[in-house]
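Numbering (the numbering used here), first residue to last: 77 to 241.
It should be emphasised that the hints constitute simulated quantities derived from the structure, not laboratory data. Predicted, not measured: the structure shown is a model, and the values here were computed from it. Wrong hints could be hidden among the right ones.
Per label pair, the in silico range of CB-to-CB distance [unchecked claim]: (1) S221 - R95: 19 to 29 Å; (2) R93 - R224: 33 to 43 Å; (3) D100 - D219: 14 to 24 Å; (4) D219 - P101: 38 to 48 Å.
Idealized CB from N, CA, C, for every residue including glycine.
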Amino acid sequence: MTRLESLPRSAFLLTVRVRFHELDPLGHVNNAVYLTYLEEAAIEHAAAAGWPASRLRQHGGVFIARRHEIDFLRPAGEGDLLQVRTWPEAMSGARAVRAYEIVRLDRAAGTPSQDGLIDPTVLPPAPSASLLVRARTEWAFVDVSSGRPRRIPATVRGDFLTGVE
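All chains, please: the whole structure from these sequences, using the hints.
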């Protein structure tokens, strides 16, 4: 997908800068760290949709990861500015599927403004953004009391799927 305008309207963007302690012995982001980036984006997206984990628990359920599929396409290194893009692909019954892309933004896109903040919505025109990772996670919605799967409430589905075509 890689182009911002081709993402679903329900997509969420999280910008991260690679830190030294996230690297493997070759100086690349450790594969396990990418999973952390994906999880952070999913958690932040849920909160932005009005459903942080605390609110989900108040409504009696939480999402737990059942399966991850990750394609590592290119490495990232220390100091790289990455954008994690995520959106729901499907939600039905007790199952949800979330898609992800991680792209490396060019150095110009990662230049902080005078206040020191980086605008996470800035995307350089292709080919300046390199696709590094493509991934999908299957989530199960489970009852907090029993630990058993339960239907995703319609309000939760609606808030997550807003804008999905």
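(request) Find the hints from earlier in the document that the structure breaks and name them by number, from lowest to highest. (result) 1, 3
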